[in-house]
Amino acid sequence: MKGTSKVLVQNLLALHFDAVQGTFVDESGLTGGAPDPGNTISTVNAGYALVVLKHASAEFAGTPLEGMIQNALTAQADFLLDSLRQADGFASAYTLGVGPDPAAKTASAQAAAARGLYAAYEATGTADYLAGADEAYAHLIQSFYLPSAQAFRTTSGSAQAVYGPKNFALITGALREAYLVGGHAEAPAIYTRFFKTVGNQMQLSEGENTGESGSDSDGDGIPFIPEQPDHLPPVFATEATLDLQTVGVGSETAVVPEAIRLSQNYPNPFNPGTTIGFTISEPGTYALTVYDVTGRKVRTLVNRTLAPRSYEVRFDASHLATGVYFYELQGKGTHLIKKMILMK
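Position 154, counted from 1, in the sequence shown is what this note's numbering calls 193; the numbers after and before it change by one each time, with no gaps.
Simulated from the structure, these hints should not be mistaken for laboratory data. Keep in mind it's a predicted model, so treat the numbers as computed, not measured. Warning: the hint list may mix true and false statements.
Unchecked claim - Restricting the straight-line Cα-Cα distance to at most 27 Å, the calculated cross-link-like pairs of lysine-lysine (DSS-like) are:
id, residue 1, residue 2
1, K205, K235
2, K377, K336
3, K336, K235
4, K336, K378
5, K383, K336
6, K235, K378
7, K371, K235
8, K371, K336
Starting from the given sequences, assemble the full structure and let the hints guide the process.
Written as structure tokens, this is what we have:
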């Protein structure tokens with residue numbers, strides 16, 4: 040396969056890599072026999088270009104192609120950090136000469152950025168790439184993961200998640216690498232809960248013998264098909280929607296006033312107590328709740344009518360085990376989540 044890989048990598052570099060801008064582009068063609076690349080790169084493709092280049096660099100180590108691959112890899116990783124990273128997460132795409140896509144952020148973009156930058160870190164050992172990957176992962180968890188729903192928003196501000204095989208794979212892939220490369224101990228539990236909530240529902244048929252005698256004899260809603268001789272994987276739905284409001288999650292407005300905010304707890308990590316601060320701009324009923332990584336409610340710290348001002352609440356975790364926890368502020372159309380770490 041090395042000959043085929045060589046042709047693919049060379050074509051990828053020749054047709055899709057803009058050496059001046061330091062990035063690959065999604066589409067390219069030929070004009071008069073010369074490459075005619077487009078000017079847009081999606082964050083998903085930018086991230087997974089890094090994954091491909093990491094493996095290509097290892098495959099062609101010690102050959103003249105290795106240096107070209109490494110140069111493209113570092114340029115793409117730098118472009119991802121310099122041009123697609125924003126204060127509230129990674130943009131979904133970038134158009135050369137124009138700028139980042141102003142549309143709402145997506146879970147796919149955060150997941151792909153994390154996946155790609157973890158790969159870039161593994162290939163180069165550059166600390167900035169690891170930090171960038173951890174930042175993308177933090178955006179994925181803090182802005183898109185809903186512990187009470189055990190699922191992810193797919194678009195920022197949307198109360199309905201729309202999943203397909205692609206974004207499901209992007210999210211689970213990021214969780215896997217966050218654990219293996221980033222050392223985020225909570226990622227496997229989130230992965231498991233997310234797969235149980237979403238992945239199991241998207242599975243349309245079982246591709247191996249599960250003990251059923253036929254049809255759906257075990258009553259799990261997944262029809263039995265005989266095990267395939269080539270061990271084909273299960274069949275997944277092309278699209279699935281999850282109404283996050285029906286699983287106990289309040290809706291999140293697309294724009295949250297700056298005066299309504301949830302602060303990072305301090306100290307963090309903590310043992311055994313920590314302080315959580317938040318500010319509200321309108322009177323109303325608010326709830327501040329702590330969850331573990333499985334989505335189980337640990338404690339409700341606040342659930343009452345509050346006047347507009349800043350608040351601080353003390354959380355004592357003496358009875359809890361070491362691990363990652365989430366705290367969630369809900370009320371008046373807001374839904375904010377942050378992560379904290381208990382280390383005993």
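Hints numbered earlier in the text: which of these fail when held up against the supplied structure? Number 7 only.
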